[in-house]
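*Asks:* Can you build the whole structure from these sequences, using the hints too?
The primary structure of each chain is shown beneath.
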Amino acid sequence: MHRLSSANQDYLETIFLLAQEEESVRATDIANRLGVSKASVNQAIKTLKDAGFVINERYGPVKLTESGRFEARRIHFLHHLIKDFMISTLNIRDEIAEKEACQIEHVLGNQTVKAIVNYMRNNEMKVKHFDLDQVHEFLFYAKRLSELKVGDQGVVKKIEAQGDLKRRIMEMGVIKGDVVEVLGVAPMGDPISLRIGDYNLSLRLKEADNIWVEVL
Amino acid sequence: MDSKRVALIGNPNSGKTTLFNALTGSTQQTGNWPGVTVEKKSGRLLQYKEIELIDLPGTYSLGAYSEDELVAKRYLLDERPDAVIDVIDASNLKRNLYLTMLLLEMGENVVLAVNMLDAAKNRNAEVDVKMLSTLLNVPAVPTIGVRGKGMQQLADQTRENLDRKSQSFRIDYGHEIEHHLCKLERMLHRDNFCLHSQGHRFLRDQEEPHGFGRHNKVSDETVVECDDNKRALPAMPARYLAVKILENNQSVMHRLKENGLTEKQLEDIEKDREHLENIFKEDVESVMIEKRYGFIEGIVKQVVTKKRIKEGGINHKINVSDTIDMVVLNRYLAIPIFLFIMFLMFQITFTLGGLFADLFETALGSLSGLIGSGITHPLLKSFVLEGVLGGLGSILVFVPNIFLLFLVLSILEDSGYMARGAYLMDGLMRKIGLQGKSFIPMVTGFGCSVPAVMATRTLESKNDRMITMMVLNFMSCGAKLPVYVLFAGAFFPQNETLVVISLYLLGIFAAVLMAKIFSKTLFPGENTPFVLELPPYRIPTLRGVMIHMWDRGSEFLRKAGTLIFAVIILIWVLSNLPSGVAYASQESYIGQLGSLVAGIFKPLGFGTWEAATALIFGIVAKEVVVATLGTVYSTQGNLAMTVQQLWTPLAAYSFMIMTLLYTPCIATLSAIRRETRSTLWMIFSMGYSFAVAWVASFLFYQLGGLILSLVGKL
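From first to last, the protein sequence lines are chains A and B. Numbering (this note's numbering) for the first sequence: 1 to 216. Numbering (this note's numbering) for the second sequence: 1001 to 1714.
No lab work stands behind these hints: they were computed from the structure. Please read these numbers as outputs of a predicted model, since none were measured by experiment. Among the hints, erroneous ones may be present.
Below, simulated DSS-like cross-link-like pairs (lysine-lysine); rule was C-alpha separation at most 27 angstroms, straight line [claimed, not checked]: (1) B:LYS1301 <-> A:LYS206; (2) A:LYS114 <-> B:LYS1281; (3) A:LYS126 <-> B:LYS1520; (4) A:LYS176 <-> B:LYS1520; (5) B:LYS1291 <-> A:LYS158.
A partial selection of chain A residues facing chain B, derived with a Cβ cut-off under 7 angstroms [claimed, not checked]: (6) ILE92; (7) GLU95; (8) ARG167; (9) GLU171; (10) ILE175; (11) ASP198.
A virtual CB, placed ideally from N, CA and C, is assigned to each residue, including glycine.
*Replies:* Here it is in structure tokens:
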């Protein structure tokens, strides 16, 4: 995954939020929202574009790519997670939490984030706009294998299954770092057939749900 | 010379069976595994008769998810063969080598058969077999099973390496894990949980575990000799046991506990595991699997040269197999194609089989004429004509049908389509509480229930297995075919195929219905995972298909020659006793027996003693139903005309339903008893099938009669 500087992460998040409010996002909108010059915005857009997170024709609107949307959502989620964590657990005032979350969101690693998520889930706390059960999507920047479409390829990131099923899947050669391609779907929509390495495997969607992949 | 035992093992679809056939020729024998009574194949090497080759069920790992895999695992652990030939598919090296890793870790004396090099070449991959042999430090032979290439060399290598001491093989699991493995190995030695495979010498680990990074580099070479009397576990390398302990392998842990593993040691082991889990953030077993695959990856990189690989992705040359799948598994075309293939299967069986059957019947007719004029003794004449030719002849007529059905099933299986069938049918099967893999035994059930019952061994879940076994009987087997052909031919000559197909569909419906009921009542539970390989399509070899067909078809012939023949003689004798009665009349013993139970079948439309007798003896083998009718109606050749005069079409169809659904034959029942290891389930299967059959026939006959009378009034 491409790592962005905190400033660029902020730009990405802003584009994401603006895109939810308006139909098309322009450089001017971003500059206004963040209170920065248009030149800096253009600079940032170029970096984001090179990283494959946005599409932007000259003078045209800025559009997020699939991976851009994912990354933006991840940052956005982290922001809310940290803020709500600070408010609910540490009793910190809203404004301070908002301000500091903005900075912390860029530096926290996956492990810490995961720990916070687990803590909040265990204590039945909520994060605004997000379902903590689906947090994997943002943390691993990955999709469930079951969400891939025919023809999609992805790199296996994590196998969530337990016990025998996990061992079975792994011993059949589905290993982290391997590339899988969805070859087809059975007539009833389930199971799906995959190519993994040199052979073809079929799994039910329920099993494929347990496998997280980074889409190529 | 001493007989040596060599096990043949490999992934499913690695071409293991082809290799087995090529290596053993016609010396094969089928028997049962000791203890588990699951079918076992063994044979002697053509080249070296003193070597017995045992064909183990195909398996991906030794994790024992299904009965099949358990058999393979148990054989290796308990029988300790002199050598193991591991068949690996060169076109799918990585996954195939996983099993090799497990075998080597177990300390097996492995000879690699690197098969399907041609298929690998088609995928633009060159495999350096020599390099593979060097890297793993085991003999490796390139083979192409379908063309019999490399067999001599494989036999030679196997013989040469029979007494090879197993090499200590180590996968480097990385510093953290190695540290704990080392600790465990030491514990195992110290407390004599030993552990040496034939002459295997173990090295005492050095105190400082950090130098343990690369395998085989142990500085302190003190040899630990185990005290054989104290040895608590079968000869296993300490390393293997240590690995299994860390993986928390239940059976190894269980054995250790039984053999005096102290609470303290158990606690330590659990702490070790916990420690590793904290480091890796994952269960130790998964980490080990990953490490093994990592090790394999390294080997594959050195051994395989691939041309044209897309950067970071999958080799994009679309191969033939995937092209076929694009059509055959197409969302919209798949089901029509599937149905067409099933239709074709029956069409071949009946139409082509019918042609052969006609020839056969003509020959039989002229034979009986010939014999009839040759024999003068009346009793002997009756025995030969009515008993042997009437009874045996009426079922031998169906030999072509049955062989053809097995031929088609073999082709479906060997070509790789069967797995696609399981894939396509999974959605439907799940609706009735089963899974796609149950489809394979069910289709096999169209041939014969006995191999079908055995084929359930590939199912991982006990519930799936039980349900499948209990409903298999409803899949109309080849032996029931003669009844349909006889009655459908006699009563519905214009719609013969349609009638037969309707019975097959009814059987499927009954199976589906009962499976649904069972999954809700007797065997409730979660749907089991469905992980199935879709092997590449292969053109079945004539030889392979023929062997396959002969293996199963000859069982029918053997049955006809022994069991069925015996029953026919019994029927003939019972038909002639007490002395003085007219042959096979109601006064004869057989007539009395039939009359005794005929009442049960009265509401079904065929409450005659002849039908009752046929059904009773049909339990011995379903082929006997027609044979008995042939005897009791004492016809020579044209049974169809006789039944036409004596039965109504409605009763005939009702009788066909009964034959389709009622109690499985003795061979199937005993297979069920063996596989379930329970007499109770066998009895259950007998009783409930009969009940289902009776109810189905009853409903059909009574409702059918009602409708016909209504139609008649109009």
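*Asks:* For which of the previously enumerated hints does the structure constitute a violation, in increasing order of number?
*Replies:* Per hint list: 1, 3, 4, 6 and 7 violated.
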